[in-house]
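With the hints as extra help, turn the sequences into a complete structure.
4 protein chains.
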Amino acid sequence: MLNVGIINITGYAGAEIARLVYSHPELKLVSATGRSKAGKDLSEVFPHLEKTDIKIREELSDNVEFVFSALPHAASAEKLSQYVDSSIPAIDISADFRLKDLSTYEDWYDIKHPRPELIDQATYGLPEIHRDDIKKSKLVANPGCFPTGAILSMSPAVKNDLIEDMIIIDSKTGVSGAGRTAKEAFGFSELNDNCAAYGTKGHRHQPEIAQELNFLKYMLKKNITEKDAVELYKEFYKSEPFIKIVDAPPATKHTWGSNYVYLYPYVREDTNTLVVISALDNLVKGSAGAAIQNMNLMQGFEETMGISALPVYP
Amino acid sequence: MLNVGIINITGYAGAEIARLVYSHPELKLVSATGRSKAGKDLSEVFPHLEKTDIKIREELSDNVEFVFSALPHAASAEKLSQYVDSSIPAIDISADFRLKDLSTYEDWYDIKHPRPELIDQATYGLPEIHRDDIKKSKLVANPGCFPTGAILSMSPAVKNDLIEDMIIIDSKTGVSGAGRTAKEAFGFSELNDNCAAYGTKGHRHQPEIAQELNFLKYMLKKNITEKDAVELYKEFYKSEPFIKIVDAPPATKHTWGSNYVYLYPYVREDTNTLVVISALDNLVKGSAGAAIQNMNLMQGFEETMGISALPVYP
Amino acid sequence: MLNVGIINITGYAGAEIARLVYSHPELKLVSATGRSKAGKDLSEVFPHLEKTDIKIREELSDNVEFVFSALPHAASAEKLSQYVDSSIPAIDISADFRLKDLSTYEDWYDIKHPRPELIDQATYGLPEIHRDDIKKSKLVANPGCFPTGAILSMSPAVKNDLIEDMIIIDSKTGVSGAGRTAKEAFGFSELNDNCAAYGTKGHRHQPEIAQELNFLKYMLKKNITEKDAVELYKEFYKSEPFIKIVDAPPATKHTWGSNYVYLYPYVREDTNTLVVISALDNLVKGSAGAAIQNMNLMQGFEETMGISALPVYP
Amino acid sequence: MLNVGIINITGYAGAEIARLVYSHPELKLVSATGRSKAGKDLSEVFPHLEKTDIKIREELSDNVEFVFSALPHAASAEKLSQYVDSSIPAIDISADFRLKDLSTYEDWYDIKHPRPELIDQATYGLPEIHRDDIKKSKLVANPGCFPTGAILSMSPAVKNDLIEDMIIIDSKTGVSGAGRTAKEAFGFSELNDNCAAYGTKGHRHQPEIAQELNFLKYMLKKNITEKDAVELYKEFYKSEPFIKIVDAPPATKHTWGSNYVYLYPYVREDTNTLVVISALDNLVKGSAGAAIQNMNLMQGFEETMGISALPVYP
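Protein chains in written order, with our numbering: chain E, 2 to 315; chain F, 2 to 315; chain Z, 2 to 315; chain W, 2 to 315.
In short, the hints are calculated from the structure, not lab data.
Computed from a prediction, not measured in an experiment: that's the story for all the values here.
Some hints here could point you the wrong way.
[Unchecked claim] The following label-pair restraints were derived from C-beta to C-beta distances:
# : chain 1 : residue 1 : chain 2 : residue 2 : range
1 : F       : D121      : Z       : T305      : 34 to 40 Å
2 : E       : D63       : F       : G40       : 50 to 56 Å
3 : E       : K228      : W       : D111      : 49 to 55 Å
4 : E       : G203      : F       : S37       : 25 to 31 Å
5 : Z       : T305      : F       : E79       : 39 to 45 Å
6 : W       : A183      : Z       : Q122      : 37 to 43 Å
7 : F       : C196      : Z       : P26       : 39 to 45 Å
8 : F       : T174      : W       : T305      : 48 to 54 Å
9 : W       : P115      : F       : R269      : 55 to 61 Å
[Said to hold, decoys possible] Some chain E residues flagged as far from chain F (calculated, every beta-carbon gap over 10 Å):
#  : residue
10 : D111
11 : P115
12 : S177
13 : T182
14 : K184
15 : N193
16 : E241
17 : K245
18 : G301
For glycine and all other residues, C-beta sits at the position ideal for the given N, C-alpha and C.
Shown next, in the form of structure tokens:
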């Protein structure tokens, strides 16, 4: 069993990693930290995690052999650097090591990167694109939930040079991705049955998508039919354990609690546009599940180990 | 037109009073305060109230002729006292003037009452029970949302001496009654699709209910039929504009945005128990709508003026 | 008082018209029909409408002076024709008279139009675009909820020739617009906390939008700044009682139960794109509220009469 | 691997059994039926179950070694009888074999029992109460979701003779327990953000609770403290893998997708009442998870096998 530590287990991503570690046959959660809640039992903060039997501490214990960091950006790089320096393999859930270009990072996050020299060591953690590099990496930058959906949706089209003019990405998420910290704007009464836009002038996940797709201004070339597009998507993802090409619009609810991604590519003939609808759970394939998938690759475990459970429905 | 001021308009109760004042033909909202948001336009805080064209200030303006206070308890009595001293009629949405017994208040709210000498001047603002006193009062204590449902449900039975042994009150509410202040426990992700108990050892609204019903330990006397019980409830509320006795379980959703209360009394013959199900909107008849109803009585307006709109559905 | 009849009051649009008619000072609901529920009191079907004191019938009574039809398409034109023939003014909530081009209607709705000769008499009921024609009309085709948001969002840009290449409309709605008929796909357990696409190859509301905007393929011309765009939108809608240009993304929740539309126009400089976000209540400004607004214009009442209530929040 | 068949997989309980069977290391789903959807792939009906690779049929295949029936009552007993006659072990999710007294069943369900002679062979499937009998049984009657919560909450008190006068059970559930069949009353728009009572004169789950607790009219004896009550509950359930005694009110959300039950017993001193709050997932421990737990016992597998996953949160 591999001894796992989770930094900042008290947020939603950290807690979701703990849930998945609990079911994983090769992992044992031995230590966890949380900023304001050190000293408490994890079950006081998250009753659903009572079975993990973990006390929240200021620092991870010394016996940790693999680290997940679910700290916010900047704080995460700061804290992770000691593990990287000690060659303990680590996955960073934050944005700190996702962007290869330092100035892009510092522009979009409006902060000085605390350990820029580590950026080169990090691999972008989307196994469907970088599987071989992840296997050899000691530091993986887990992608954001929007980029996961957007990049998986667009990669087959971009790689096959289908796009001529422009890509438009329209992403919707629940608010759990924004974390557990109390804010007036995230109160139940504010958000229940509500729908609103944010980040309208530019979302922080945008450079990450651009980096992985390399370019953003293209549009569908004239001569692809829907049949060909579907074929191409099926071929592109034919060996992927978590990606399913479907033939009707997928629903977010079909992904709940699971690491699966549904992709529905189709062509609108009236405007000659390729549209790809993707659905995934923002805290599983969009965060903690992807982290376990990356860890499986880094450790040489079966890639689907511990994350093959089906979605919970309804 | 009566010049109205709202103290602490930035919470849900204050905002709901503003919404109802806007539609009321005899009222004009001329001034409003809000603790941390003074200086802002109300539309910045609540876009849905943009038509009121109000700036949030530190203090109410001098031309106010009627005051609603939606401050938390203690702060409310403190601030309202100046208006009471100046004989400006006022309605307190907080708990400060609901309980006639000072030590009961100080026990349950664990605080020293800032102006106990005013308690005697206040009338409990449930028109269905205290209509004549409200008409003569300058200071009305608006009831809590749970007591409104509980007292209206039980009054006909208690007044007609139907109860022999015990009253059990089972109340459920949405979280908007807990206010707009950011708390981890009130975040959308915590509460969405959730149901949990609180105040299990004793809820602060309990002494208010006991005060109005005078006693709490009774149970249904042997010889009442459901037909008689329904008749008695219909008779008791026959002139009430906002109370409707229905013959099927009412749904909270049938009350949304309105000042109406649905009561469904029935008798379980297997245990000889009278059960009364009530449904009301916790921010209208449970708060702001009741306040307007009380104000109408205090000012001699038609009791239903400005609050007769039907519920919004679905 | 004008005697009003509602055909098919048992759906959500019909019920919402009834709610608004109840609060309207110049209207009296005297008769209502409902297909499968004739013979019942309206309060049995919709407890929140109990105050209307209406029995559902097979046919409207003879004293009706104004008719709202909330029947599905085809059935609506069929039934409404007798009122049109008798010169009784009518508003059709269905799609039957929205499209001026008969073959477009018959293509998209896959049905033969029952009374095509009436199409020319009908006016498209968007007062912000066709106010003067509505005032003179006896038959108004109430727009769909998506077209209302899309056309209001795009009209200032299109009228001012801002668009060069392409308009993309991304609309989201709750399911109440799909009606009250029981369907497995519309069950609570299927839709709660869910998000999914439909009508992906072409939505029936699309030709309606195209008709009103006249063209669909344009893109933002190079030389407009956000400041100018906002100015232009404010100027375009400066006299509109229900349209508000806001300077932050509006939320659907800020419109609940009200006839107001919030528009937030902005320019994304990175792609030189004009984006306009609109928010409205799909059953009020998107259906029943617009119907009342149209009726006010047709009857010469104040345009805002009975529909100026503020949104309910939270 | 044990070959499993699911009768009526197209409802929520059947689908949830399929989800759990998929993760169970000793089970293989080989066949499934569904009334109106025979001939379809299961993934057409439930995209989240696509990995099961099952086609829905009219009848189970012959190689089935264990049967779960998720048919409605009466239909379930009818269909299951052939498997009982062939000594194939079976679990009935419906109510058909829960009640030992035939006339009680026929009164409450208002139907003639199709195979009353099988009732004696069936064991009530609550492992915490009937574990040894379940191990020896070939036919297990899976309890309803309300009885599971009520009986687990009350058993320690009843077994220890704590109750003197009366038990009041207040249960709330989401609507998924009512099945997937389309009904107007179960539409999203009807139920979203709604709360309403049903079965007010007597719920069908009541005789089941009475049967298991043997009696219903008791009340807390004078001399138990909360400390003693908590101790007694902890002792009573000390070896139970799925039951956790907690010291704060549990939330339904802490149980999502899992087989765990949280119990919070406390004493209200003002009325000398023992209150026990329980929370469980109505489709897992309240249905499909309990079925797997029962199957594990019947087959001699580890009781927690395949159902030890932690709840999904938030």
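Results of checking the hints against the structure:
1. A beta carbon spacing of about 46 Å between F/D121 and Z/T305 contradicts the range 34 to 40 Å that was offered as a hint.
2. Range check, E/D63 to F/G40: Cβ separation about 53 Å, and the 50 to 56 Å hint holds.
3. At about 54 Å, the CB distance of E/K228 to W/D111 agrees with the hint of 49 to 55 Å.
4. Restraint check, E/G203 to F/S37: a C-beta distance of roughly 29 Å satisfies the suggested window 25 to 31 Å.
5. Under the hint 39 to 45 Å, the C-beta atoms of Z/T305 and F/E79, about 40 Å apart, fit the expected range.
6. Checked against the given bound of 37 to 43 Å, the beta carbons of W/A183 and Z/Q122, roughly 38 Å apart, stay inside it.
7. For F/C196 and Z/P26, the hinted distance range of 39 to 45 Å is satisfied, since their beta carbons lie about 42 Å from each other.
8. Separation of F/T174 from W/T305 is about 37 Å and departs from the stated range, judged on CB atoms against 48 to 54 Å.
9. Between W/P115 and F/R269 the CB atoms are about 31 Å apart, so this pair departs from the stated range of 55 to 61 Å.
10. With a least CB separation of 23 Å from chain F, E/D111 remains clear of the 10 Å interface cut-off, as annotated.
11. For E/P115, the requirement that its beta carbon stay farther than 10 Å from each beta carbon of chain F is met, with the minimum near 27 Å.
12. Not every CB of chain F lies more than 10 Å from the CB of E/S177, the least distance being 4 Å, so the non-interface label is violated.
13. At the 10 Å boundary, the C-beta of E/T182 falls inside the reach of chain F, the nearest C-beta of that chain being 7 Å off.
14. With a cut of 10 Å on Cβ distances, E/K184 falls inside the contact zone with chain F, its closest approach being about 5 Å.
15. The Cβ of E/N193 sits about 7 Å from the closest Cβ of chain F, inside the 10 Å cut-off, so the non-interface label is violated.
16. For E/E241, the requirement that its beta carbon stay farther than 10 Å from each beta carbon of chain F is met, with the minimum near 29 Å.
17. For E/K245, the shortest C-beta to C-beta distance to chain F comes to about 26 Å, beyond the 10 Å cut-off, and the non-interface label holds.
18. The Cβ of E/G301 lies farther than 10 Å from every Cβ of chain F, with a closest approach of about 35 Å, so its non-interface assignment holds.
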